[in-house]
Structure formats: structure tokens, C-alpha cells
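> Below are the chains, spelled out letter by letter.
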Amino acid sequence: MAGVTWTDATMEAAGTKLHVSRAGKGRPLMVLHHETGTLDRLPFYDALAAQYDVLVPHHPGYSRSPRPDWMRSVRDIAVVYRGLLAELKVKNAALVGLGFGGWIAAEMATMAPGDLSHLVLVGAMGIKPPHGDKGGDILDLAITGYIDYARAGFHDQKAFDRVYGAEPTTDQLEMWDICREMSFRIAWKPYMYSQTLPHLLGSVRAPSLVVWGDNDKVVPRSAAGVYAKSLPNARIEIVEGCGHCVDMEQPDTLAKLTTNFIAQG
Amino acid sequence: MHLMYFTEQPMSAYSEEAGRKFGATALMFPNTEFDPVAGSRLYNNYIEQYMLAEEVGVDGIMLNEHHNAPFCMQAKANIFAAILAGMTKKVKIVMLGNPLPLAENPVRLAEELSMIDMISKGRLVSGFVRGGGQEQLATGVNPAFNRERFEEAHELVVKAWTQPGPFRFEGTHYQHRVVNPWAVPLQKPYPRVWIPGVISKETIVWAAQQRYPYIALNTSIEQTKKIWELYDQVALQAGYVGGPENRGYLIQVHISDSEEKAVENAKQFRWMQGEFTGLAHPVWSTPSGYGSPTNRRAFVEFASGRAQNPRGETSFEQQMADLRIIAGTPKTVVAKLRRILEETRPGILALWGNDGRVSQEDSLTCIRLMGTEVFPAIREIAKELDLKSPFESNAPVHLRYSRDLKPTAKAAAE
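Here the protein sequences come in this chain order: H and G. Anchor point for the first sequence: position 164 equals 404 in our numbering, and the numbering is continuous, going up by one each time. Anchor point for the second sequence: position 140 equals 721 in our numbering, and the numbering is continuous, going up by one each time.
These aren't lab readings, by the way, just hints derived from the structure by calculation. Fair warning: there could be bad hints in the mix.
Keeping only pairs whose Cα atoms sit at most 30 Å apart, straight-line, the calculated DSS-like set for lysine-lysine is [claimed, not checked]: (1) H:K429 <-> G:K657; (2) G:K740 <-> H:K429; (3) H:K398 <-> H:K374; (4) G:K602 <-> G:K670; (5) G:K602 <-> H:K457.
Reference listing, derived: stretches of chain G covered by chain H, where coverage requires no fewer than 3 residues with Cβ under 8 Å from a Cβ of chain H [unchecked claim]: (6) 717 to 727; (7) 864 to 873; (8) 881 to 890.
In this text the structure is predicted, and so the values were computed from the model without any measurement. Quick reminder that beta carbons are idealized off the backbone N, C-alpha and C, glycines included.
Using the sequences provided together with the hints, build the complete structure.
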């Protein structure tokens, strides 16, 4: 999107070095990316930066942020990000969590429910999806090939090709391996969810939007229901013809859902 | 020279066709292809093989374990070690080895091994391995902490064996309120520990730093020489000189009373479609965090089909020519093994005698010829080449029990 100027900086929170991209003006909004890491720029980030002061930190151990060897849980990342927001003197930010980032956002919300304007969870991990209708287990990184796993995030494979190229580069494969290793270090067992998170979500009073692609092959849609039930002020939006990575597959749709939701107050 | 018999304990009754159709014979290959009736027969066949091995005079029986695959039926090496502890009288029970990172409770592992050592009246050699990548996934153990768990579990097992209890252990991966096992090893200071491996440099370096013998698993002569070069270099830094007592070698050798039959049976060494542990998706055999970060790029290229297997793919004929598979009558086998002994100078030699669908009758013939003809000849060659085992050279069990360290290095060790 024309006119969006991003700045990249290395910041520190709780002694942890973080690569943070920032752009735009307006109310603060933090985007938490997937367990496959993030590209530096994405159309979805640009669309949000047209309206908000957008922060995109690279999770510790993912993409451009170095790995803190001490980290053992996803909650550790959430604490570091709470520290980052305090460091930046950013108050009352909206949180937009994508997949794995949704888990981090949900943890951050429970930690400081009074310091949150809106919570948007998109195909969020972090909760054990009930079996049964549209249920099952979260797709296992450990037994799925790099490209197969990344492709599973998309309903429309042409959308994958647009983002990563039909044949992702070896640099990209290597980055996915680095991200995988970090996911194993902090989310191995139980795999990609917390047993306590659903019980803590009850204190989140901020309006919450739970978004799911109707063909999410990574996090079964049944998890949406648990999130919506556990969060006191939440509603669900299903995006038609879309996979897990709504942000990369239908960036405009997700940006619109987000901005409309925040505009509603 | 310490001479051993080894078999992977193949689950030869599985349907090869089903494996090919599924595209894998490991980890996710459905266990409905496992037939417990055949399993019962095969386990008892392997006991018969081991009993014969002792009868014909092998020095040791080498055991290992794998999971979720027809490649190897042993899901817990300690079970067979316990059986042999009670049933045999003379052979060393050589575990190569227990996968330490898979242990959720290394104190229990220390207890089991102590029981095996006492029941066998001090015949245990307690090797340790990291366990393959697929073993981590099959047992739900985090591959990203594999090496850390290996080293910490080793520390805890050795402490449980040697440090008077009760004591408390507060590690990174293991925490134990009370370590005070009443089963402790008969052998003092503790049973010999040998470390088998194939490619990881880190493991060779670690073994040399401990002064534990390293057992090269079916590597080529050139690869084996490089392993000893690295081992000896680390040994010098640690203050001792590496020798045959630090070197072990496992090689696929099938012996028969006819050359033709031997070669025919040796083809079974490639029964897993030529793969060492069977067909599998590369990300299963090397999950992220399991391998060395220096190999990351080469690995992802292989895993995505952009590069050849770093281990290489060679034909049966090539493996025969490279002496990675040897087959023949005792006479031809001994001549070929002589070359390996001369070039790589091990003090420990294990012959992987039978694999795949080799019949029980032919397996027993192989073992009989191994014990009565091949091993006596190898012992003579070993004498001639001065290849002493750790037992013959009375090598220290661990670096810390060394009495021959160079003074500067000795200070560093303490």
C-alpha cells in the first residue's frame, strides 16, 4: 500500500532482544505472527498501518529475533511482549493474533485485562480443539514437511504461491526450520495449547473478535467455539473460502473485519 | 580384541508390499502390519541365536533398541539384557545402547542397569545413545533438547551409580527430590560405557572427552579413519593417547558355508529398501533441533527433495566393494576383515551377522562359523597387530579414573 513507511529496530524487553517493525499513526495495535515466522512486509500489515500505529515484533527465536535459550513456554513470550509495550509506553493497545500469535495475544490479554482495547484472534492456537464436528487436533509440525505444512495454511494454493512463491527459497526453508525448533522448545507438550488458558480468559472484558477460515486445516474450527465461550465479550466471524492463514490469503477481508470491529468501539 | 555378535532383531514377518504402498516403514507405518504371533516366534529365535553365540565363544552380545518400525523389534534393550543376564554365563551384555534422552526418569534407568549388572555378575557394558530422530517422535520426547537431555541424564545415571545416597538432583531437564537407589552396579567404579554413532561430530568429541570408547556403526574405512583422527585429537587435548581400546566398529558380515549363499543372504542387509532404518520422511528422522545447526541448510535441502541424502545412496555391489558389507565363507571373510583391522585398528569388533528374512537355520550357521572359525582367526590377527580391547588393556572406565594423564591436562580434568 502506497504511503506506508516502516521502520525496523532492535529493541530490548526483559533482557530479550526483539526485532520490531513499526508503521502508521493512530491508536496502537500490535500484530502477533504465525509459528512459521513472518515475512518483513505483508499487505495485511500495510492495510492496518493505514489506520493505526502498528507494531509487528518478531517473536523471540523466530524470523529476525534471536533465540533466548532460557525460554520454555509461550507464556514467556507474552510476558516479554507485555514488557515491550511498557518499554514503549504504549497503553491500551489492540492485539491481533494470527494462529500461533493468537495464543500469545490471548495470554497477553489475560495478564493485563485492564490494558487492552480490542482482541482479535485469527485461527488461534492455544486451546485444545474439541473433537467432533469441525474438530480434531492441531496439525503437527513435527511430522509434516516444511512446504506441506506451510501450504496447509492456505485454502487457495495460488495464494500461497503469491506470498512465498510456488517454490519457496532454501533461505525460507531454513527459516522455517529455525522457527520450528523454537516452537518445539516452547510448545512441544501439550502441543500448541495450554491447559490453563481457557480458565484464565474470563477476566478479559475487552471486546474480542474470533476469526476463522472456513477451511482451516491447521487449527480445527471447533477451537473458535471454546474461545468465544471463554471470552466474556466475544463474537465469531467465519471467512468463506479461506484457510488458516487468513492474513496472507485474504488480507483485505481480515483488515476490513479488524477495522470495522475496532471502529464499533 | 573384544568380539561381538549383533542382530537388529528384524521383524521380518511384516508385509513389504504394505510398506512400499504406504511409502514408509517407520514411525507412522501402521502397527496393524505387526503380527504378534510371528513376533513371539522371532523373539524366541533371537534368544536361540544369542544362546548359540555364547556357546561358540563370542565375547559379547550387542543389543540396541528402536521404535515403531519392522527394522528392529527391540523396543526396550534392557528387557533383552535382563533375559541374557539370567540365561547366559560368560558373554558380556553390551548395550549400544540405551537412548538416554528418551528416559523420563534416569534414576530408574540407573536402577535397571544396576540390576542387570548384578544379575549377570558384572557382565554389563552400558552404552548410551541419543536415539534417532524418529525415536524422539515415537516416544514424545522433545528433539530440541536431545543433546542437553543426553548429557544431563548421563550425569545423573553416573551419579546414581557412584555417589552415596541419598542426594538431591536439580537439573534443567531432570529434577529428583531423593536419589537413593538401592540397586547399584556390581562393577566398580561403574560398568563400562561405550558410545556408538554414525555421523555426529559432537558425539565423537563428547565420547573422547569422557574417554569412552566410540563404536563406529558401519561407516566406510575412510569415514572410520576420519572419526579416529578427530577422536585422537580430542584425546590428546584431554591428556591421553587414543588407541585400539578406544575404538569399536560394527560391520555387516554374513558368513555361510558357500560363497554364493553368503552373498544371497547378505542382500538382506538392504531389506529396508537400502535405507539404514527403513523408508521414512526426512523430517521424521531429523526433527528440527535434533541435528547440529551447522547441518541445517544441507538438511532442509534434502528434506524438501532438493538435494541427495547426505549419507549417500549406494548399491549393494558398491557396499560390498567398499567393505561395508562382507559376505562369504570364513576364509574370505577373515581376509577382508584383516584389511579393516589393519587400516582402522579397533579393539572392539561387532559383526552384524543376520538381517531381514535370513532363515533361522542360516542365521545359526552364520553364528556357528563366526564363533568357531572367524573369531579365532581374528584373535590371532589382533595379537599380531596389538589390538587390545578396553578389558585387555585395563583402560579406565572414564577420564576421571585415568592415571596416565599428562600433568597439564590432568589439572584441567580435575
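> Against this structure, judge whether each hint is valid.
Against the structure, the hints:
Only pairs whose Cα atoms come within 30 Å are accepted, and K429 of chain H paired with K657 of chain G is accepted, the gap being roughly 23 Å. For the suggested pair K740 of chain G and K429 of chain H, the alpha carbons sit about 28 Å apart, so the restraint of at most 30 Å is met. As the CA atoms of K398 of chain H and K374 of chain H are separated by approximately 24 Å, the hinted pair is consistent with the 30 Å bound. The hinted pair formed by K602 of chain G and K670 of chain G fails the criterion: a straight-line CA distance of about 45 Å is larger than 30 Å.
Among the hinted pairs, K602 of chain G with K457 of chain H is consistent with the structure: their alpha-carbon atoms are about 25 Å apart, no more than 30 Å. Here the stretch 717 to 727 of chain G counts 6 residues with a CB under 8 Å from a CB of chain H, which clears the bar of 3, and the coverage holds. Only when three residues or more bring their CB closer than 8 Å to a CB of chain H does the claim for the stretch 864 to 873 of chain G stand; here the count is 5, and the claim holds. For the stretch 881 to 890 of chain G, the assignment as covered by chain H holds, since 5 residues bring a beta-carbon within under 8 Å of that chain's beta-carbons and 3 suffice.
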